[in-house]
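One line per chain: the protein sequences are A and B, in this order.
In terms of this note's numbering, the first sequence opens at residue 1 and continues consecutively.
In terms of this note's numbering, the second sequence opens at residue 485 and continues consecutively.
It is worth saying that the hints were derived from the structure and are not from the lab.
Computed from a predicted model, the values in this text were never measured in an experiment.
Each hint should be verified, as a subset may be incorrect.
Unchecked claim - In silico SDA-like cross-links for lysine to any residue, where the CA-CA straight-line distance does not exceed 25 Å:
#1 K381(A) <-> L792(B)
#2 K100(A) <-> P545(B)
#3 K846(B) <-> K803(B)
#4 K897(B) <-> E843(B)
#5 K851(B) <-> S878(B)
#6 K813(B) <-> E569(B)
#7 K18(A) <-> N279(A)
#8 K591(B) <-> D342(A)
#9 K381(A) <-> K846(B)
#10 K530(B) <-> Y103(A)
#11 K395(A) <-> H303(A)
#12 K395(A) <-> V297(A)
#13 K642(B) <-> D339(A)
#14 K346(A) <-> V644(B)
#15 K565(B) <-> E797(B)
#16 K591(B) <-> T241(A)
#17 K346(A) <-> H779(B)
#18 K565(B) <-> A245(A)
#19 K346(A) <-> K500(B)
#20 K775(B) <-> D342(A)
#21 K10(A) <-> P248(A)
#22 K100(A) <-> V654(B)
#23 K100(A) <-> D597(B)
#24 K381(A) <-> W585(B)
#25 K726(B) <-> A369(A)
#26 K530(B) <-> V508(B)
#27 K305(A) <-> I420(A)
#28 K230(A) <-> R63(A)
#29 K775(B) <-> Y103(A)
#30 K378(A) <-> Q388(A)
#31 K94(A) <-> V644(B)
#32 K851(B) <-> A825(B)
#33 K775(B) <-> L340(A)
#34 K726(B) <-> D339(A)
#35 K500(B) <-> D756(B)
Listed here are the chains, written in short residue letters.
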Amino acid sequence: MSDLTKLSLKAALDGMNKGDFTSLELTNAFLDKIDAQNPKLNAYTLVTHDHAREMAKASDARRAKGQVGALEGAPLGIKDLFATKGFRTAACSKILGEFKPEYESTVTSQLWRDGAIMLGKLNMDEFAMGSSNETSAFGNVINPWQIEKKLTPGGSSGGSASSVAADLCLGATATDTGGSIRQPAAFTGTVGIKPTYGRCSRWGIVAFASSLDQAGPITKNVEDCAIMLKSMCGYDAKDSTSLEANVPDFASFINKGVKGLKIGVPKEYRMDGMPEEINQLWENGIEWLKAEGAEIVNISLPHTKYALPTYYIVAPAEASSNLARYDGMRFGARVDGNDLNDTYEKTRAAGFGQEVQRRILIGTYVLSAGYYDAYYLKAQKVRARILQDFTDAFKVCDAILTPTAPSAAFPLGQKQDDPIQMYLNDVFTVTTNLAGLPGLSLPAGLSKDGLPLGLQIIGRALDEETIFSVAGTIEAAANFTAKP
Amino acid sequence: MSIAAEASEPVFTAFKTARPDQWVKGVTGDWEIIVGMEVHAQVAAKAKLFSGASAAYGGEPNSHVSFVDAGMPGMLPVINKYCVEQAVRTGLGLGAKINLWSRFDRKNYFYPDLPQGYQISQYLYPIVGQGVLEIESDDKSTIEVGIERIHLEQDAGKSVHDLDPNATYVDLNRSGCALMEIVSKPDIRSPEEAANYFKALRSLVRYLGTCDGNMDEGSMRADVNVSVRKPGGELGTRCEIKNVNSTKFVAMAVAYEARRQIEILEDGGTIDQETRLFDVKTGQTRTMRSKEDAHDYRYFPDPDLLPLVITQEFVDGIKATLPELPSDKRKRFIADYGLSAYDAGVLVADKEFSDYFEEAAKGTDAKMVNSWMTVELFGYLNKNGIEFTASPVSAQNLGGLVKLIQDGTINGKIAKDVFAKMIESGDDASTIVERDGLKQTTDTGAIEAAIDALMAQSPEKVDEAREKPKMLGWWVGQVMKSTGGKANPAIVNDILKRKLGIE
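All chains should be built: construct the whole structure from the sequences, respecting the hints.
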């Protein structure tokens, strides 16, 4: 039998439907590969061998009875931010220690409902704060591309992206607060979508910045992304910000083409000092869409330059409050001190990494009396302007095309000491989080060094369909077949 | 997302000057007390404000706790619509403006009984705006106390410090229960008014059914803001006395705190703005934390929740089901039953009293019912420490007793004996009267015979009475005694007068 792990999600589902192999065989193939490769990549922080095999057997039994869910028998990796009942959920932070929740996140529940298999928990930046997966309490993840160079897979969903790129799962859950799905997807030659805010329930996902956090899949191709997204989203009464919206069959839009679609190209995304190869990639994307009958429209998103500073006020503010619950009192690690405040300080100093502490301090500062108006309130106003920019732009176009990240994957350690450089990774992606809009990244070419580069497609709220049409067209035109 | 409501950050001004009889005498002259109160009333709801866990009082520690209440990672709040309804209902009961757009904010601080590390509350945009509550002043007159706002918020858990000298235990049963914080304007001018405000508010929420008003279980707690000033002068610095949980303690706390502040000011000192605690053992207040230690709560809109938007139809629907409110009922009792303002006030103060009264007064003398209820029944219950709801005499039976007095079946004296038997047996009055043969004698022949017999026995007293008509009382007493109290006193009176020749 050929290497089952190299199959796409769709191909694997088809293979099981045809009876070519069972879920257990497929699952075992992935577990073997994880055992062999994970020590090099560090993509998984927990591999649930026995649980995966049990799930696979149960899936095969269901299939034998004719019960076949949309993801029946498909082995997936789960970002460590998702609560998985009975399995360590640490958000890759020391402060959660060996925390095993007594509940399962809505998104993963839906995957299991549709027949998927959990292979294990995936590495990430601590509390999803980072763009290189270097802030994880479980150590770096290595990008499978040019593995000897020890490049970052991006972050925060570095484990998700790395495992998908290295065929250590058919697809992975991820989350995106400022670009944490799309930038790692771009760095690893995979496809990732952050859907419209409210599409996926946040219930059971460890919160970073509630108004920005959104779950989504990272997969090997656009079709897999559409299939997995369909299972992940849907209204959930347990999340007050969940949207009561119809969930379409996203995959059916992939081959619809782009004829007659207006594609916006924002001039503000042409940044000074951006590598020529990124510009070239963008031009290629424009030409491919034009060739398929799309109309290119030059648009302006004038408040783009304020997006990153706005993000770095809003996200830390919410995080400083969301992370207050990690106080060593009810779960996770506690370091006892002389009194209550001392215990809090010692616990949180020992439990949180440097980047998380930095953001908690920034967030606490911008919400403090006397600074709230100048920072938080101002940021909220700018955020409204950024949304208005998009609303205006979508009056003249149907989707927006941009690069996903300003560079290809960079070596680990290169930007770790310079938070500003690190934060700049998210310059093209944070805008959609601030505006709550869907954005997808797909690989569209290689850098001069042979590393994957991604293009981003941004759509109207709840219009993932158009994004998939554009993505399908670019995927076909780009014919990106390179592998790590 | 448009912000339909105006942010309300109250700026308090005390326009009203206290009546001179309320002033407090100091060495340097008179002082005026200014009080504003923030009352936390727990919403009488089965579930908590943002989780489905039971909001019932009691239960094993940490048995009414959902993952949300325990602040578990990834848990999210979902508003309990019933609690929203109760806040609106309370607002309507106070004649207040209902804000169709309100918002939940996070109040951030660290404490072990606050699992999320923040309390979800309504800081800038409360669900209920300005209203008014009528209360009784020291001189029994009715005054209005302005309501600034009511907002919904989560309660914290309970820290238990006295189980172990070296450890604090936390019970999260209360964590996340819905509270209405009812904020008054600084319209209160004396310890009595402060107590009466708390009492009237308790009465109102119990009428509305929005809070059980059970102070022992902490369902109602008051934060009392006290300052003093020269009558009508500049406002002084206020101190906030936290968590006072009875009307009596509210009055004591205000009186003590005002006196403390006056003494400091008269000694040339200044008042430090601080949070204080009322010690029920000493009747004194003491510093809990000073302004320097005040938390910076870093309020910001809770990103886990959408703004709370309700419709006018929703509000109107609640309005349609409002019961008669205490102030209206009081007016009705005065007009319809002819009760004094004071009596009406006593009955109306508790919905159970007024319900009982109205049931007992059906088809009988309401004033007499009031007097039997407030003097005899309350007297008995108070003396024996029995809850009103556990009264052995039902409203119907008390009404029955009054009816027997009214129609002359028994007289007032016998009625007291019958009442005592009713308490003992729980039987109704007519059963007891029938069984024990207590019916009043109106048989003039029998009464006349009894009088003749007595007159024959004591001729000297007959003469005495003819000279001193005041002796009539003594004679009535003798007749009643000889008839076992059953003779109709009016008839006895008439016959005696005739026979003794007294006019």
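For each hint, the structure was consulted:
1. K381(A) <-> L792(B): holds (20 Å)
2. K100(A) <-> P545(B): holds (23 Å)
3. K846(B) <-> K803(B): violated (28 Å)
4. K897(B) <-> E843(B): holds (24 Å)
5. K851(B) <-> S878(B): Distance of about 18 Å is within 25 Å: holds.
6. K813(B) <-> E569(B): Holds, at about 23 Å.
7. K18(A) <-> N279(A): Answer violated: K18(A) to N279(A) is near 44 Å, above 25 Å.
8. K591(B) <-> D342(A): holds (22 Å)
9. K381(A) <-> K846(B): Roughly 64 Å between the alpha carbons, so the hint for K381(A) and K846(B) is violated.
10. K530(B) <-> Y103(A): Satisfied, since the Cα-Cα distance of roughly 23 Å is no more than 25 Å.
11. K395(A) <-> H303(A): Cα-Cα ~17 Å, so holds.
12. K395(A) <-> V297(A): holds (11 Å)
13. K642(B) <-> D339(A): Satisfied, since the Cα-Cα distance of roughly 19 Å is no more than 25 Å.
14. K346(A) <-> V644(B): At roughly 23 Å apart (the allowed maximum being 25 Å), V644(B) and K346(A) satisfy the hint.
15. K565(B) <-> E797(B): Status holds; Cα separation ~15 Å.
16. K591(B) <-> T241(A): holds (20 Å)
17. K346(A) <-> H779(B): holds (20 Å)
18. K565(B) <-> A245(A): holds (22 Å)
19. K346(A) <-> K500(B): Violated. K346(A) to K500(B) sits at ~52 Å, over the 25 Å cutoff.
20. K775(B) <-> D342(A): holds (22 Å)
21. K10(A) <-> P248(A): holds (18 Å)
22. K100(A) <-> V654(B): Holds. K100(A) to V654(B) sits at ~22 Å (cutoff 25 Å).
23. K100(A) <-> D597(B): holds (22 Å)
24. K381(A) <-> W585(B): holds (19 Å)
25. K726(B) <-> A369(A): holds (23 Å)
26. K530(B) <-> V508(B): Status violated; Cα separation ~45 Å.
27. K305(A) <-> I420(A): Holds, at about 14 Å.
28. K230(A) <-> R63(A): holds (20 Å)
29. K775(B) <-> Y103(A): Distance ~42 Å between K775(B) and Y103(A) Cα, so the pair is violated.
30. K378(A) <-> Q388(A): holds (15 Å)
31. K94(A) <-> V644(B): Measuring from Cα to Cα gives roughly 29 Å; hence the hint is violated.
32. K851(B) <-> A825(B): Holds, because 12 Å separates the two Cα atoms, which is no more than 25 Å.
33. K775(B) <-> L340(A): Judged against 25 Å, a Cα distance of about 21 Å means the pair holds.
34. K726(B) <-> D339(A): This hinted pair holds, its Cα atoms lying about 24 Å apart.
35. K500(B) <-> D756(B): OK: K500(B) and D756(B) at ~24 Å, within 25 Å.
Checked against the numbered hints listed earlier, the structure breaks hints 3, 7, 9, 19, 26, 29, 31; every other hint is satisfied.
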